[in-house]
Structures are given as structure tokens and as C-alpha cells.
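**Q** Listed in order, the protein sequences are those of chains A and B.
Residues in the first sequence are numbered consecutively from 458, following our numbering.
Residues in the second sequence are numbered consecutively from 612, following our numbering.
Check before you lean on any hint, since a few could be wrong.
As the list claims (entries may be wrong) - For lysine to any residue, the following SDA-like pairs were computed, each having C-alpha atoms within a straight-line distance of at most 20 Å: (1) Lys883(B) to Glu1028(A); (2) Lys839(A) to Lys828(B); (3) Lys1026(A) to Leu1046(B); (4) Lys1042(A) to Arg1019(B); (5) Lys979(B) to Gly964(A); (6) Lys926(B) to Ile1032(A); (7) Lys1026(A) to Ser1042(B); (8) Lys584(A) to Glu509(A); (9) Lys1049(B) to His1087(A); (10) Lys929(A) to Asp769(B); (11) Lys1071(A) to Tyr1045(B); (12) Lys1103(A) to Cys1031(B); (13) Lys938(A) to Pro832(B); (14) Lys990(B) to Ala578(A); (15) Lys926(B) to Ile667(A); (16) Lys833(A) to Glu779(A); (17) Lys964(B) to Ile1032(A); (18) Lys1139(A) to Lys1049(B); (19) Lys1137(A) to Pro832(B); (20) Lys668(B) to Asp741(A); (21) Lys621(A) to Ile667(A); (22) Lys1137(A) to Lys1049(B); (23) Lys828(B) to Val927(A); (24) Lys950(A) to Pro832(B); (25) Lys1049(B) to Phe1073(A); (26) Lys777(A) to Leu1046(B); (27) Lys1103(A) to Tyr1025(B); (28) Lys1071(A) to Lys1049(B); (29) Lys926(B) to Glu1037(A); (30) Lys1049(B) to Ser1140(A); (31) Lys1026(A) to Val947(B); (32) Lys839(A) to Ala875(B); (33) Lys1071(A) to Phe1039(B); (34) Lys929(A) to Ser831(B); (35) Lys743(A) to Gly985(B); (36) Lys964(B) to Glu1028(A); (37) Lys926(B) to His1087(A); (38) Lys1026(A) to Lys828(B).
Everything labelled a hint here was simulated from the structure, so no lab data went into it.
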Amino acid sequence: MMARCLARFLVSLLALAICNAASVSHPISDSHRSAALDVFVPLDGSYKSLEEAYEALKSLEILGIDKKSDLSSGTCENVVKVLASPSSALKDVFYALSVNGILKCKTGEDVPKDIVSKLQAGAKDAKLLLDFYYSIRGLVLVKEQFSGTDLTLGDAEAIFRSVKALSQSDGRWRYSSNNAESSTFAAGLAFETLAGVISLAPSEIDQSLIQTVKTGILKLFDSIQKYDDGTFYFDGSEGPISTTASVIRGLTSFAASESTGLNLPGDKIVGLAKFFLGVGIPGDAKDFFNQIDALACLEDNRFSVPLILSLPSTVISLTKKEPLKVKVSTVLGSKAPALSVKLAEALNSKGSSVINNQELKFDADSATYFLDSFPKNFDVGKYTFVFEILLDESANEKGYITEAQTKVPIAATGAIGIENAEIAVLDSDVGSIESQKKLDLTKDGVVSLSANHLQKLRLSFQLTTPLGLVFKPHQAFLKLKHESQVEHIFLVKTYGKKAELVLDFLGLVEKLYYLSGKYEIQLTIGDASMENSLLSNIGHIELDLPERPEKAPLPPLHPTDPYSRYGPKSEISHIFRVPEKLPAKQLSLIFLGLIVLPFIAFLIGLTRLGVNIKSFPSSVGAATSALLFHGGIGAVLLLYVLFWLKLDLFTTLKALSLLGVFLLFVGHRTLSNLAAASNKLKSA
Amino acid sequence: EANMMNLSRSVALISLFLLPLLSFSFSVDNPTDRRVLVLLDDLSLKSSHSIFFSTLKSRGFDLDFKLADDSKLALQRYGQYLYDGLIIFAPSTERFGGALDSKSIADFVDSGRDLILSADTSASDLIRGIALECGVDFDEDSSAMVIDHSSFSLSDGDHTLIAADDLVKSDVILGKTKIEAPVLFRGVAHSLNPTNNLVLKVLSASPSAYSANPSSKLSSPPQLTGSAISLVSVMQARNNARVVISGSLQLFSDRLFRSGVQKAGSPNKYEKSGNEQFATELSKWVFHERGHLKAGSLVHHRVGETDEPAIYRIKDDLEFSVEILEWSGRSWEPYVADDLQVQFYMMSPYVLKTLSTDKKGMFHTSFKVPDVYGVFQFKVEYEKLGYTTLSLSKQIPVRPYRHNEYERFIPTAYPYYGACFTTMAGFFVFSFVYLYHK
Chain A
458 MMARCLARFL VSLLALAICN AASVSHPISD SHRSAALDVF VPLDGSYKSL
508 EEAYEALKSL EILGIDKKSD LSSGTCENVV KVLASPSSAL KDVFYALSVN
558 GILKCKTGED VPKDIVSKLQ AGAKDAKLLL DFYYSIRGLV LVKEQFSGTD
608 LTLGDAEAIF RSVKALSQSD GRWRYSSNNA ESSTFAAGLA FETLAGVISL
658 APSEIDQSLI QTVKTGILKL FDSIQKYDDG TFYFDGSEGP ISTTASVIRG
708 LTSFAASEST GLNLPGDKIV GLAKFFLGVG IPGDAKDFFN QIDALACLED
758 NRFSVPLILS LPSTVISLTK KEPLKVKVST VLGSKAPALS VKLAEALNSK
808 GSSVINNQEL KFDADSATYF LDSFPKNFDV GKYTFVFEIL LDESANEKGY
858 ITEAQTKVPI AATGAIGIEN AEIAVLDSDV GSIESQKKLD LTKDGVVSLS
908 ANHLQKLRLS FQLTTPLGLV FKPHQAFLKL KHESQVEHIF LVKTYGKKAE
958 LVLDFLGLVE KLYYLSGKYE IQLTIGDASM ENSLLSNIGH IELDLPERPE
1008 KAPLPPLHPT DPYSRYGPKS EISHIFRVPE KLPAKQLSLI FLGLIVLPFI
1058 AFLIGLTRLG VNIKSFPSSV GAATSALLFH GGIGAVLLLY VLFWLKLDLF
1108 TTLKALSLLG VFLLFVGHRT LSNLAAASNK LKSA
Chain B
612 EANMMNLSRS VALISLFLLP LLSFSFSVDN PTDRRVLVLL DDLSLKSSHS
662 IFFSTLKSRG FDLDFKLADD SKLALQRYGQ YLYDGLIIFA PSTERFGGAL
712 DSKSIADFVD SGRDLILSAD TSASDLIRGI ALECGVDFDE DSSAMVIDHS
762 SFSLSDGDHT LIAADDLVKS DVILGKTKIE APVLFRGVAH SLNPTNNLVL
812 KVLSASPSAY SANPSSKLSS PPQLTGSAIS LVSVMQARNN ARVVISGSLQ
862 LFSDRLFRSG VQKAGSPNKY EKSGNEQFAT ELSKWVFHER GHLKAGSLVH
912 HRVGETDEPA IYRIKDDLEF SVEILEWSGR SWEPYVADDL QVQFYMMSPY
962 VLKTLSTDKK GMFHTSFKVP DVYGVFQFKV EYEKLGYTTL SLSKQIPVRP
1012 YRHNEYERFI PTAYPYYGAC FTTMAGFFVF SFVYLYHK
């Protein structure tokens, strides 16, 4: 229960917001027509079901968009198939006949007999409201589309009574006798069904029965929901749009079928029209159809046709001297009958009347009523205009109705004069003026001031309305913006004729977070009635404030710029260790040459000294061992070279130990041979 | 109140720390959300906002509409989430029905799922609380609206229907097609928490905007003014969960989608506002149809080789590559960018290089291993406005030269070599002379 109440409250809240936004209803226009083409887009040339096809075709037909030729082939195929098949459900038959009514797939004398008998049987045996609805409405459609058959309902009054038996005392209806739950949506279906029964009945239905239905209809209107702005709707589990549309469809057919006429409260009918117009352009196909179909019913019915007063613009510009335009049309935007529009009253924001009883002029070419002269005391501001529509006598035949009074919020805007704008730095104690500058607020960045914490900044200007009165704007801000993006906003208040702001920096040091430096000064003046709202960068002021005490609050953080936060970082390449600086190769080669020189000098020295190897042993044994000895030494030296070139220490030591033993042996032999030879020489 | 605030703040903080630890909800192969729960405070929103919902449906989303106070609301059953995304179009709801509260919504986002939250004037504390956890502060004054006397839609006498055109410059968030017409906005202002760097403005107000009650005189300076006011913001959490927060529910409505717009002071008149394009593109982003990146493994090898070594030696030349793909909503497409970078990292980056792309999704570079040995990482940390964050790394050790890898015959030492060998040759000659001279 709670939730339901809340939901209802929210509906009204939302609708109120919508109505505020729209402020005034507009009849169906071209924007609806272009939207309809988007909303009713068939998939691959045809619609999913005949119900959808009917809704689309009907809506497009009402809006005057001809798409039949594109759609007829595929859809007609379906229609013929459903009408030919004896096993089709009542609902499908009903929608097939509905589509047929628009596309004329099957016409003439060729009445589908099976279908008629099926529908007649359906009407006779029906227990559920929906069965009654589909069969009776189906028969009505057959009657409209195919001529020359006797379609009268045998026992019309009995059917009427059994449908009526499903009604409830509050005007709502049940879907079946077993189900106690009643619905407003069902009531709409029931009215349509009953209208069908009346038109199909061979003889007149008992007037007292019809009268009870009429009483029920009035009961139903007691449960209507209302918004503050005079919008009415019926609520139900199917949603307000479907429910209200169903009721309106039902009422229209019911009123059309019987002769005595329905007497419905006119303000509620206008309210229902306003509800559908207030919905705007639904994006959902079903809602769109319900809106358009219900409005079409309101456009052409036998109880009352609402006229809608609309304003192309609710803003009047006093500088452009535009007239205030008002249009009156039916809900679907067709021409209204002869009538006159009167501005009963124009109330300003304080509630006092500015304009009284003024009739609007009519321009027949544009079918617009307009008000082109405003009284001298009409100034900028917000107004509520109250319009009245007076229908001419001749228009009353068709049962046109209008709202008693249409209240429209109007904003009158104009250019506000800005004068005597001044900015000054004052010395605090004496109030003497240090520096004062006239300001031209249309130019940016002309002022450059400086002040310390003992001084004051004064900004003043005068705003006047076109009538020369003092104008107090909604928005008059002075913004001081420090280099570090810290901002401070001050209100410029209006005292008497002057808007003035005095900033005493001594009292503001804490608020300014002791931030010295350059502050940009920005002045914003704006109001809904002001056409020349401005945002002016006056210039800058250099503030010299005391040092920040330790305990003072820090300026707030500012969000970082998202563009600089991301993005690639600068590349890093590793700096390799610089290799040791080596001398040039040539230098090494020169020194290599120098190193080799002593060896060459040694060889030359030896030849100079006349060395010989004459004592080399001549005997075979001694010579062999000497050669082996020197060969061994050579091998050791070679081993060293190999060690340098490629061998590792272990291989080298192994080879060296072998060579060492060998050298020891042959060396001993060679030396002992040499010793023996020299002994022999001595002894000789 | 204050305690509640602190509590929710700390919850937000904790959740931020926890985010990276929680697993991804999306299947890795198909990151777009499929099942979306739509919470409404009034079922009539379903028809008044039907274009937005039908564009979602036509893109394959499975929308489940529920009233926000439905007593059977639940986001998960038996520990499994029932939805991949959540749309909250219930600005006035004070309390959700069923098992839903602001904490379970925070958990939902923490699990990597996406959220579209729309507040409106007189948004409830619950909605404000959820926004606060995402780093968005709505104006505390519940009667305040965004007013702009310089960039309003000309059809509006109150100057509260803002024609905003200060959009974030990001193709990934708002699509490649420029949004020409201004976006119409009527609602409440918010600011971003400066300490939260995950949240950013998508639609900002103009410098002349302010947040106040349009029908009463101002007695004190407004809390939010100028371009500090954000109209629509997005947040991408560390786990790549995405959140859109709008201050206006009407922004998504059929009425504003279909409305024409002429901004005050501008001669351009547009047949249709930018709202539909803006909302559609933003929903593509938030439900991961765009800007969701996937990386293959990091591939590296020495120049001239193809196999990945187990270890590098200092001063090796190596080639590095990685494949990055972007989800297009249906398939993985090669990602093309010129700002992807790789780091060769040990405690701090030793090498940071921008990768070059072959436009087929492969990114390459080559560089020399630094002459520092230790355990390094290849790191690709990619953060770009609107894209999911990539954080990849792969460990690789680097060793110094072995003893036999140094230079062998140093020219500078030639004199020493020469000295040795001439001495040896001299000794050999001298041994003959000494022994056999006569």
C-alpha cells in the first residue's frame, strides 16, 4: 500500500515536472509525424503481429502519413490467412479485421461466412469480457467492411446484460465473473463492446439498461486522477496511458452508438486531452498508438471536442518588440472554429494584475491570435498570463469545449542597463580611495590592481530595467581566482539603487588561505529576465597577504586535469657504464715495437760478439739428448703460447709436469754430457 | 549523519583497496554486459524514457525493469550475480526494496559490474550516498538546480534547461562521431571529489553556470559554480567496473531526445538535441562495448632468435612485442595507438620505451639490456582516458658477463705480450749460446 501511494505520488511529481517544462500543451505537430516513422518501423517489411500492424497503421493513418503501399503486401497476406483459417483465435480475427479496415485487403460482397458465424458464436458463448469484446467488435468491423449480410445479433439484449453483469458499483469492470478484481481499462473495453451490441441489435435496447451504463460512466469519472494544473487521467495496472486511452475509446464508441448523448464534465475531457498532449512524444509504439488514437477520439466524438490553447514561445523579448502569439486548435492540430481569445489577466510575480481583459487580435493567414502592445508599465520579469477562449455562437454545434481559463507562465525579457560600474581599492582605516577605475564590463582584462590585507576592494554598479527601475539579478557573483586555481565566490548584493560589494581583506585572509599573489577577477551577472547576461573577466588584483600561520587551514585540493593525468610518460633509456678509456691501438703497436727492439739488439749483440755453438756435441747420443733438451724447452715455451691462446690452466699444468719430468731427464743428460766434454777438454 | 558519512567514506576507501583483488565478472572473451537490471521509481519512466531503453534492447541487452521499492529485489542469488549491469533511474527512492541497499550496490560495482545512476532535483539521500561512494558530491541543497544564464536552451524561460556542449574530448567515451548539437540538461549539479582520480567529468557546465534554487533569491554564495560543476560524470574503478552518474534524469527522456535545441546566443538551430547520441554513446562505453582492452602475453627474445631465453646477459639486444586487442561489442579488433609503453623494471624503470604498432594489434620495440644485473620485469602499464587499464608484467633475470665472455686479446696489452714472448725467445736463443759457445 505504502509503495503504491509512493508510486502514485511520484507519477504526479514527474508529471508536474514535465508540465512545468512544457508549461503549456501543444497540439500534435510535425515532430510527432517524423517521430512516428521512427517508432513504427516494421521489421523486414512487416510487423511482428497483426496487433502491432494495426496500431502502426492506425497511428500513421491518423497522422496523415501514407505508408500503406509499402506495408500492404506482407500484412495483407497475413490478414487473408487469418480470415481464411477456421481455427484462428478471436483476438487474431479481430485484429485482422481491424487491419483490413485500413488496408482494404478483402472487400466487397464476399463476406467471410465462417468468420461471421464464428464471431456470432463467440458473442453468444462468451464468458470473459475479452471474448465479448473481440467477437462483438469483430462483428462491427465486418459490418463496416462488407456490405450485404445480415449481421444482427440474435439476442442482443441478453448479451448486453451479460456484459453489464461484469460491471462494478464504482464504474469499473471485471474481466470475468470469477475474478473479483476490477479495472478501469476493462471499463473502456466494456463500453466499446456495449456500443457494438447497440449498433448490431436488431431492435432498440432497453433505455433503462443504457441509462445504468451512463450512470456507471459518471461513477467512473469519480475515480479520475488529477494533477494541479488541470490535467486528468485514469490510472490502472496497465499504466495511465493505456488505461486512459481505453476509456476514451470506449466513451467515443458508446457515445456514437446511441442517440440520447453523453453528458460528460467538460473540464475533465479537456484535462484528459492535456494529459495525452503532456506525454510528449512517446518512444514506445504502444504508448504512441494509445496517445494518437485517444486524441483522434477526442478530435471527433459526440460528447465534446476539446480545443487547446498553445503558445509557440512563452518568452517575450521586450527588446525585439515581438508580439505574444497564441494559437488555438484541436488536439490533432486542425483548425479551430471561429472564436476569440482574451487575455483575462496578467499577474506579475508579486501577484498584482498588470493587464486586464484585453482581447487578442487575430491574424487569419497564420491562424494566430496575438497581443502586440503591452502597457507602459510592463517590465521584465515573470508573469502568469490567464487566457480565456470565447467560442462564437455558431461553433457550439459540434460541442467544442475549452478550459475555463488557461494559465501560462510567461517570462518577459529585456536588455538590462549596466551603469556606473566602478572598482576601487580603499584604505581600510580612513576609507580614502587609493585607486579607482571606471569599468566597461563588455571588455575583458582591463583592470590591474594591487592591495594588501589592510585594504578593501569595492565593486559597484547599477542595473536598471528598460523602464528605468532598479533590477536585482538572480546571479551577481564576483569570483576571485588565485593562480593555484583556488576560487572564491562573493555575492554582489543590491542596496537601494546600487549593487555593491566591499571586500575587507583583513577579515578575509583566513578565507583566502593566506595565499598572496595574482587573483583574477571575474564578474557574472545573469537573470532569467536579462537578455544581456554577462560573464566578464574584469582583470586581476595582486594581493599581498601575511604569511600563513602554521595552524591555518590549507587550501583545498583541486581535481587534476584528466588529460594530463594520462598519456605517455617520457622515455627512459639506460645510461651504460662508460668503458675504461684505452690508448689508441697504434700507440700499443708502437710500444710493442719498442719492446721488441731489445730482443733485436740482443740478437745483433750476439752476432757482434761472434757467438758460436761450436761446442754442440758431435756424438750422436749427446747430440740427440741436447736436441731433445732444447726441443723440450721449446715445447714448454710453445705451451706457454698455447696457454695464452686457448688452453686453460689445468691442461697447461698437466702438460707442463710431463714436459718438466722429461726436461729434467734430458737436461741432466745434456748437462752431464757437456760436463764430461769440458772435463775431457781440461784433462786434455 | 556525520558518522554515517564517515562510515560510507571508509567503506568506499576499503572497497577501493579491495577492488584489484576481486575477480573479473565478465567472461574474458565477451566483456559486454548482457543482463541489465533497471530500477525505476515509477513505471511510467519506462515509456517516457523508452527510446533510451529501446536502443539498449536493440543492441542485445536483456533489460529487467523493476520498481525500486519492489520487495523482491535482489542482485544475487546463491552468491551468483543475476545481472551484469544496473541502471538506477529512481532519483527519489529513499530505500530500495528487498535485499538491496547502497552497500550491495557498492559490492556490485566492486565485483566489476557496471552502473548508470541518475539523480535529479530533490535526489534522495540514498542516491546521493551511492554517488558519494563513486567520488561524486551532489549539491547538498535539495532545491538547487543548475542555472545558466548564458548557455540555456532558447525555448526555456527559467534558464534551467541547460544546453551544454563542454564534452570530454575522448573518442572512446563518446564515440568517434562528434556530438554537434548541445546536450540538454535539467537537473542537479555535482562536483568531483578531488582525491578520487578515477572519476572524471564527461559533460561540464559553462563558466557562467551556478547551482541554486531558481525561484528564490540567493542569500549566500552558491556552493558550486562555473565549470567546477559537472553535469554528467563517469568513473572507471581499478577493476574496470564503469559507472555513469548524471544529475539529470530528463537527459535520458524521449522528450529531450526528440527536442530541438538552439543555444542562447548561438545562431545554430538543431532539429534534434545531442542527447540521444550522447546517452547512446555513453551507454556503449559504460557497458563495455568500447574501450575494453585485452592483451596477449608479453613476448621477448634476443635479436635474431625466436625463442624466449630463460635469462639475459647484460648488454644483450632484445626484441619485445605484445598483442593488444579492443572489444568492439561483437568481436576483438586490433588496437591501434602510439602511446603504449614498456618498462624494463627493477625497483624503478631502467628502460621505458614507446612501442610501435603494426596496426594489426602487435606492438614492438627493441632495446639493449642495461648493464645492471638482477631480476628485472617487463612491465606494460597502460592507462588511457576511457580505456580499461592494462597492467602486465613478466619477470626475467639478467646476469653479468661470464669470465670467458670478456675481450681476450686486448690491444693495449700488446707491449706486455711482446715483452713476454721476446723474453722467452731470448731465453731460448741464450740457452744455446750459453751452453754451446766456444
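**Q** Could you run down the list of hints and mark each one as holding or not?
**A** Structure-based check of all given hints:
Pair hint Lys883(B) plus Glu1028(A) does not hold up; C-alpha atoms about 46 Å apart against a cutoff of 20 Å. Proposed proximity of Lys839(A) and Lys828(B) is supported: the alpha carbons are some 14 Å apart, at most 20 Å. A threshold of 20 Å between alpha carbons decides the hint, and for Lys1026(A) with Leu1046(B) the separation of about 78 Å lies outside it, so the pair is violated. For a cut-off of 20 Å, the pair hint linking Lys1042(A) to Arg1019(B) stands: about 15 Å separates their Cα positions.
For the hint pairing Lys979(B) with Gly964(A), the CA-to-CA distance comes to about 62 Å; that exceeds 20 Å, so the pair is violated. Between Lys926(B) and Ile1032(A) the alpha-carbon distance is near 11 Å, which keeps this suggested pair within the 20 Å criterion. A distance of roughly 72 Å separates the Cα atoms of Lys1026(A) and Ser1042(B); the hinted pair therefore is violated under the 20 Å criterion. Only pairs whose Cα atoms come within 20 Å are accepted, and Lys584(A) paired with Glu509(A) is rejected, the gap being roughly 26 Å.
For the hint linking Lys1049(B) to His1087(A), the alpha-carbon distance of about 18 Å falls within 20 Å, and the restraint holds. Distance check on the hinted pair: Lys929(A) and Asp769(B) sit about 16 Å apart at the alpha-carbon level, within 20 Å; holds. Note on Lys1071(A) and Tyr1045(B): the hinted pairing holds, with a Cα-Cα distance of about 11 Å set against a maximum of 20 Å. Between Lys1103(A) and Cys1031(B) the alpha-carbon distance is near 17 Å, which keeps this suggested pair within the 20 Å criterion.
For the hint linking Lys938(A) to Pro832(B), the alpha-carbon distance of about 15 Å falls within 20 Å, and the restraint holds. For the suggested pair Lys990(B) and Ala578(A), the alpha carbons sit about 80 Å apart, so the restraint of at most 20 Å is broken. Between the alpha carbons of Lys926(B) and Ile667(A) the distance comes to roughly 103 Å, so the proposed pair goes past 20 Å and is violated. The hinted pair formed by Lys833(A) and Glu779(A) meets the criterion: a straight-line CA distance of about 15 Å does not exceed 20 Å.
Straight-line distance between C-alpha atoms of Lys964(B) and Ile1032(A) comes to about 14 Å, which keeps the hinted pair within the 20 Å bound. Distance restraint check for Lys1139(A) and Lys1049(B): the Cα-Cα separation of roughly 13 Å lies within the 20 Å cut-off, and the hinted pair is therefore satisfied. Distance check on the hinted pair: Lys1137(A) and Pro832(B) sit about 131 Å apart at the alpha-carbon level, beyond 20 Å; violated. Proposed proximity of Lys668(B) and Asp741(A) is supported: the alpha carbons are some 12 Å apart, at most 20 Å.
Between Lys621(A) and Ile667(A) the CA atoms are separated by roughly 10 Å; this keeps the pair inside 20 Å, and the hint holds. With a C-alpha separation of about 15 Å, the suggested pairing of Lys1137(A) with Lys1049(B) holds against the 20 Å cut-off. Only pairs whose Cα atoms come within 20 Å are accepted, and Lys828(B) paired with Val927(A) is accepted, the gap being roughly 15 Å. Distance restraint check for Lys950(A) and Pro832(B): the Cα-Cα separation of roughly 11 Å lies within the 20 Å cut-off, and the hinted pair is therefore satisfied.
Proposed proximity of Lys1049(B) and Phe1073(A) is supported: the alpha carbons are some 9 Å apart, at most 20 Å. For the proposed pair Lys777(A) and Leu1046(B), the alpha carbon gap of about 131 Å is over 20 Å, so the pair is violated. Note on Lys1103(A) and Tyr1025(B): the hinted pairing holds, with a Cα-Cα distance of about 17 Å set against a maximum of 20 Å. For the hint linking Lys1071(A) to Lys1049(B), the alpha-carbon distance of about 6 Å falls within 20 Å, and the restraint holds.
Of the pairs offered as hints, the one joining Lys926(B) and Glu1037(A) holds, with about 16 Å between alpha carbons and a cut-off of 20 Å not exceeded. Between Lys1049(B) and Ser1140(A) the alpha-carbon distance is near 17 Å, which keeps this suggested pair within the 20 Å criterion. Taking the CA atoms of Lys1026(A) and Val947(B), the gap is near 18 Å; set against the 20 Å cutoff, the hint holds. For the given pair, Lys839(A) sits about 18 Å from Ala875(B) by alpha-carbon distance, which is consistent with the 20 Å threshold.
A C-alpha spacing of about 17 Å is found between Lys1071(A) and Phe1039(B), which places the hinted pair at or below 20 Å, so the restraint holds. The straight-line distance between the Cα atoms of Lys929(A) and Ser831(B) is roughly 15 Å, inside the 20 Å bound, and the hint therefore holds. A distance of roughly 70 Å separates the Cα atoms of Lys743(A) and Gly985(B); the hinted pair therefore is violated under the 20 Å criterion. For the proposed pair Lys964(B) and Glu1028(A), the alpha carbon gap of about 5 Å is at most 20 Å, so the pair holds.
Straight-line distance between C-alpha atoms of Lys926(B) and His1087(A) comes to about 48 Å, which puts the hinted pair past the 20 Å bound. Under the criterion of a C-alpha separation no larger than 20 Å, the hint pairing Lys1026(A) with Lys828(B) is inconsistent with the structure, at around 49 Å.
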